[in-house]
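Keeping their order, the protein sequence lines are chains A and B. Note that the first sequence covers residues 1 to 363 in the numbering used here. Note that the second sequence covers residues 1 to 262 in the numbering used here.
By construction, these hints were calculated from the structure, which means they are not laboratory data. Glycine is no exception: its CB is placed at the ideal position from the N, C-alpha and C atoms. There's no promise every hint is true.
As the list claims (entries may be wrong) - Among chain A residues calculated to face chain B with C-beta under 10 Å, some are:
id, residue
1, L14
2, F68
3, I116
4, E141
5, M166
6, K173
7, V193
8, F194
9, P196
10, P278
11, M329
12, D345
13, S357
14, I361
What the hints assert, rightly or not - Away from chain A, derived, C-beta distances all over 10 Å, residues of chain B:
id, residue
15, E54
16, A85
17, M212
18, K249
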Amino acid sequence: MGVFDYSREALENLKIDDTGVLDRLVDFETARKVHLGKERAKKDKRISLKEAVAEFVQDGDVVMDTGFGYVRTCIQSHFEIMRQEKKNLQMIGAPNTNQSYMIITGAVTYSHNSYIGAEMRGTDRNYTRQLKAGKVKILSEWSHGGVAQGLKAAQLGSPGVLSKQMLASDIIKYNPYLKVMQNPIKKEPDPTVFIPALYPDVTFIHAQAADKYGNAYIYGPTVNDVAGAAASKKVVITAEEIVPESDIRYNKKGVIIPFFYADAVVELPYGALPGSMPGYYYWPRQWWEKLMRLAGPSDENMKDFIDEWIFGTQGPIDFVEKLGGARWMIEARRQTKAAEGDNEDIDFSYQEYKVGSDPGIFF
Amino acid sequence: MTDNAPANPLEILAYIISAQIRDHTIVYVGTGLPMVAGILARFTHAPNITMVYESGGQDPIHGGMPWSVGGPFTWRKSPTIMEMAYSFGQCYNGYVDIAFLGFAQVDMYGNVNTHMIGDNFLLPKARLTGSGGNNDLTSLAENMVLVGLQTPEKFPEKVDFITSVGHLRGGNTRKEAGLLGNGPVAVISQCGVFNFEPVTKRMRVKTLHPGMTFEVAQMCTGFELLKPEGEIPLTPMPSPEIIEILRKKVDPAGVFTSLPSA
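Isolated chain A (complex conformation) (with noise of 0.2 Å):
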């Protein structure tokens, strides 16, 4: 591992007095390492989310949010590291929305803040009380972009990129990662911020497909996963399918992780929720929208509601019953195939959730 430099500026403001809890987000040399060390053999890699979970997640570990927010994003993942209690991690992503549920249950306790929050659905006010509480410290603060550019640096293979973004705002201030430095090309006054490339320890990834070996398609936004995927040390590719390697070769165009970067492969259907899975199915906007509502304003919600829908289940299917069963499923893939046009047009229109009337079909 390298030694590195940190805004001192940004380590004041943000009282991290031990440097070392940042290290392993800008780690290359190890993350190299690993890799030169990953099963180059296409090998049957698919095991179990629990065993994916036990294995290649270790307390302290930098875990990145993939997807965006509640696209494609790999939330049944994130349910079994709390289920197994895993401890201490890191949150990054663009956006990271999903570290807040994390954060009252011990698994998540660092933040790398891009976006929190769950746009139309509400402000974050677990977010808020956690912070206050000192269950969650903030270790940096970047713009969405400059997550992507982090991530998107590694995937070029470089150490990082000048960026025009950040510049001049209070961000800086709170990001010991960046530096402002003029861009060496210009001889007038021209400043850029260095951004490092990133590299997170263990990356989830849901995908519609994968093959056994761990090529794994995506349809629909990959944001930053295929950066993600190519930078991180672990990959665990999660999918609705598991398809043989000749579909991946032969009929999925769009995009594909290689299967050399994958750890292990997990057959997940329904791994996306309670987000949306672009071809699959659309998001349970109410289920959303009680998390926001009804357990973000005290602990007390918080737990009961984590309690119910986390430790209350074992994964996808219990999820999908308890959601609604085979009507939601029905109405979810409707809904996600009339949203994306290959589907006749239908009326998306809902109840928003109220406290205390929970429906019997989460939509």
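With chain A fixed as given, assemble chain B onto it according to the hints.
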């Protein structure tokens, strides 16, 4: 709401935002009213715009109202979907003409805060979303339009945290800091439309909505607003035809343009 009811404030805002969009431009939009405005512009005066979203969707065919900038309506049958780094890269490289985003606070120089309220970052009164794509677009876009509610707390002299640099400390400071584009060119609130005085880059009233006075707008502002020379023009209001398009075609379910019921 019946179809011939007068326009509500959200519908009026959607129209005013849409009026900022010129035809044949590439428009970067966030969720909520900016998205409504973009779609309204397409149905009215700007049918040939291309919409771009930060999760990577771009140029979707028309569908419902997106609930997320990653939702299917942002990439419905898109010819291509960009990775996030490339999506912002298009903005840097000059492929985005105008961008629209919201704010929790905006100051007299158009600097934006979406991070936190309070004076202690580590122990804030309220922690907000953080940047998302707000900083990226404000740093890179050729023209930035900010949209939000106007109160003295939301329009302070100095924001509690600079998430996105507008005109920084006024004058040439934005350019000297190395940022691209013109920065914020308009701020749209329930009071009026504001621009920035060209030399000082301080926020100035451009137009006021009907029924609004400069004095009331000033009372809704935590810093001294600049006044344009002469009489302040009224913000043009949507015609009944435009309101009908908004209600029937753009947001028929009223997801973003119906007022919360009591």
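Each hint, compared with the structure:
| no. | hint | result |
| --- | --- | --- |
| 1 | L14 | holds (7 Å) |
| 2 | F68 | holds (3 Å) |
| 3 | I116 | holds (5 Å) |
| 4 | E141 | holds (6 Å) |
| 5 | M166 | holds (6 Å) |
| 6 | K173 | holds (9 Å) |
| 7 | V193 | holds (9 Å) |
| 8 | F194 | violated (13 Å) |
| 9 | P196 | violated (15 Å) |
| 10 | P278 | holds (7 Å) |
| 11 | M329 | violated (17 Å) |
| 12 | D345 | holds (7 Å) |
| 13 | S357 | violated (16 Å) |
| 14 | I361 | violated (18 Å) |
| 15 | E54 | violated (6 Å) |
| 16 | A85 | violated (4 Å) |
| 17 | M212 | holds (27 Å) |
| 18 | K249 | holds (13 Å) |
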